[in-house]
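In order, the protein sequences belong to chains A and E. Take 1 as the starting number for the first sequence in the working numbering and just add one per residue. Take 320 as the starting number for the second sequence in the working numbering and just add one per residue.
Keep in mind that the hints are not guaranteed to be accurate.
[Unchecked claim] Under the rule of at most 25 Å between Cα atoms (straight-line distance), these lysine to any residue pairs were calculated in the SDA-like manner:
1. 93(A) - 398(E)
2. 538(E) - 71(A)
3. 612(E) - 503(E)
I should point out that these hints are in silico values taken from the structure, not numbers from a laboratory. Note that this is a predicted model, so its numbers are computed, not measured.
2 protein chains.
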Amino acid sequence: MLGINLCNTLNAGGAEVTAFGRRLSRPTSLHQDVKWISGHFDDVRTFEHAVRGQEFVFHLISTTIPDDSNRDPAADLAANVLPTVRLLEVCCKEGVKKVVFSSSGGTVYGIPSRVPIPESSSTEPISGYGISKLAIEKYLALFHRLHGLEYHVCRISNIYGPFQQGNRRQGLVATTIRRALLKEHVEIWGDGQVIRDFVYVDDVVAAMLCCCFYHGPYKVMNVGSGTGLTINQVIDDIELVLNEGAIDRSHRPGRTVDVPRNTLDISLIQSETSWQPIVAWHEGLRRSIEWMKAANIVANPYTAGDRHEQSRGVPQLKS
Amino acid sequence: MLGINLCNTLNAGGAEVTAFGRRLSRPTSLHQDVKWISGHFDDVRTFEHAVRGQEFVFHLISTTIPDDSNRDPAADLAANVLPTVRLLEVCCKEGVKKVVFSSSGGTVYGIPSRVPIPESSSTEPISGYGISKLAIEKYLALFHRLHGLEYHVCRISNIYGPFQQGNRRQGLVATTIRRALLKEHVEIWGDGQVIRDFVYVDDVVAAMLCCCFYHGPYKVMNVGSGTGLTINQVIDDIELVLNEGAIDRSHRPGRTVDVPRNTLDISLIQSETSWQPIVAWHEGLRRSIEWMKAANIVANPYTAGDRHEQSRGVPQLKS
Numbered sequence: 001m002l003g004i005n006l007c008n009t010l011n012a013g014g015a016e017v018t019a020f021g022r023r024l025s026r027p028t029s030l031h032q033d034v035k036w037i038s039g040h041f042d043d044v045r046t047f048e049h050a051v052r053g054q055e056f057v058f059h060l061i062s063t064t065i066p067d068d069s070n071r072d073p074a075a076d077l078a079a080n081v082l083p084t085v086r087l088l089e090v091c092c093k094e095g096v097k098k099v100v101f102s103s104s105g106g107t108v109y110g111i112p113s114r115v116p117i118p119e120s121s122s123t124e125p126i127s128g129y130g131i132s133k134l135a136i137e138k139y140l141a142l143f144h145r146l147h148g149l150e151y152h153v154c155r156i157s158n159i160y161g162p163f164q165q166g167n168r169r170q171g172l173v174a175t176t177i178r179r180a181l182l183k184e185h186v187e188i189w190g191d192g193q194v195i196r197d198f199v200y201v202d203d204v205v206a207a208m209l210c211c212c213f214y215h216g217p218y219k220v221m222n223v224g225s226g227t228g229l230t231i232n233q234v235i236d237d238i239e240l241v242l243n244e245g246a247i248d249r250s251h252r253p254g255r256t257v258d259v260p261r262n263t264l265d266i267s268l269i270q271s272e273t274s275w276q277p278i279v280a281w282h283e284g285l286r287r288s289i290e291w292m293k294a295a296n297i298v299a300n301p302y303t304a305g306d307r308h309e310q311s312r313g314v315p316q317l318k319s
Numbered sequence: 320m321l322g323i324n325l326c327n328t329l330n331a332g333g334a335e336v337t338a339f340g341r342r343l344s345r346p347t348s349l350h351q352d353v354k355w356i357s358g359h360f361d362d363v364r365t366f367e368h369a370v371r372g373q374e375f376v377f378h379l380i381s382t383t384i385p386d387d388s389n390r391d392p393a394a395d396l397a398a399n400v401l402p403t404v405r406l407l408e409v410c411c412k413e414g415v416k417k418v419v420f421s422s423s424g425g426t427v428y429g430i431p432s433r434v435p436i437p438e439s440s441s442t443e444p445i446s447g448y449g450i451s452k453l454a455i456e457k458y459l460a461l462f463h464r465l466h467g468l469e470y471h472v473c474r475i476s477n478i479y480g481p482f483q484q485g486n487r488r489q490g491l492v493a494t495t496i497r498r499a500l501l502k503e504h505v506e507i508w509g510d511g512q513v514i515r516d517f518v519y520v521d522d523v524v525a526a527m528l529c530c531c532f533y534h535g536p537y538k539v540m541n542v543g544s545g546t547g548l549t550i551n552q553v554i555d556d557i558e559l560v561l562n563e564g565a566i567d568r569s570h571r572p573g574r575t576v577d578v579p580r581n582t583l584d585i586s587l588i589q590s591e592t593s594w595q596p597i598v599a600w601h602e603g604l605r606r607s608i609e610w611m612k613a614a615n616i617v618a619n620p621y622t623a624g625d626r627h628e629q630s631r632g633v634p635q636l637k638s
């Protein structure tokens, strides 16, 4: 869903945008002026075609989510890191000016010794997902050193907002809104006291664009709200903003992949670029609820919107 | 050559040892009581057979050297990290008590902000080799967390000593001794002022055994001499100990993969275990020269000793 938002924003700004993803059919929510190329990330020739002639590449592809990645870390590595190294080779060959990578502020650090977490913290991921993201960061630095390929890493916290369907096992905000609208039960892993940093998708898109045009010395920046909310607080707030009565909820045992608290220190990106998170939490929730209502998921809970949109695109910008 | 020394030492100590490597024929320098299994690291079934029934696994396999790894980082990743994740799965399945991994103190840190480098330093490798080693460290921590597999990481500096042939593009000490004995020219990358930490192989074997039986809280330890020598100093000292006249040398441009200085802070392993590096530099050189002379490389420069021994084995100990 970050991909859709990023492509549409770039397109609205006048850029010539190509999106690459594994969906066979073009996502309906993608603006018609965005070129769509369908392909698998492990097929070098397809993405070579997508990268050709592009000035900037935004790499948002991730084939797994943290919890799944621990079931088969080797598969996660093969599906995400290996093709990324091939992608970087293609970017060098095609003369791409810069690669902006969506890394994971929620997983690369592992269990933080302090919050909010600065970029200089140690990186001890507790999921295959986090190890893959971290390895990709290291390869970006290597390709920069060896071949001069410019790059920027955005370590993003938990994104929420429009185009997040809430019908996959990802995205607490969207899942909760969806279930609340459908009057379904919400299940919480653990006691709900786990703390997370939630950032509105438009703010993330803006951050990635700032980083794309940033020329300072820092290559790795946290992108989040900088504030932490417990899972329980998130659900309470959705209840409040939605104003349709109590959300039916229960708790189940926590997952080993969950770190107890994660809030990102965003002072680096704030001081180095003009970026600030500008969409306030309740306002972000309100917009997410509005989008979900407009997507009419109550009438069509299994068909509304596009499936497989989440974190799939490599939008490329030709400006 | 670490593998040969480790296997023979374990065997001498009464352990039942199985060695696994890609050589088709059994290394002649391997003690006859050490069981030899030949296989490729990307063939899970072969190493599954090697791991079965083992109490401890020493993972020393590396299919590349730092400089080569940058020519094709994806191949390095596929050949080293992917099979290691499979190996860890096999170790869990077979009930292995502990995996001891030979990581690289010379490459995982990248360009250090200070020397000697403590384990807590940031890890920003400048070679695919270093990224692969670092990723393996992270997977070891992950498997420990997810499946309780015990592990220990030894970040080893530059090993030298017997069984290092000096006929491959690795091992400054062995290469220099070999060339000096053959009255061949020695080529130095850069101005020779690059600083490295050299550690005698017997000290490394002893360190790996200490780490194998260590039960304290630290999982990652530097293993080196703790002191730095310039490349020029190494060659001067070999000249001195060998005492066969001046070594003919010249300089060629430095490699991008070389960090300017690398000396490991070994205070952690010294305080946590009983280990100390005990073989003094000149004594280590004397023994290395003696071994090289006994291997009769002057008479048979292309056949003496075993080829492909370097860093190939996964010796396994059944105690």
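Would you mind confirming whether the straight-line C-alpha gap from residue 612(E) to residue 503(E) stays at or under 25 Å? Satisfied, since the Cα-Cα distance of roughly 15 Å is no more than 25 Å.
Straight-line alpha-carbon gap residue 538(E) to residue 71(A), limit 25 Å: This hinted pair holds, its Cα atoms lying about 23 Å apart.
Pairwise hint evaluation, residue 398(E) against residue 93(A), where the allowed Cα distance is 25 Å at most: Given pair residue 93(A), residue 398(E) holds - Cα atoms ~23 Å apart, limit 25 Å.
The structure agrees with every numbered hint stated previously.
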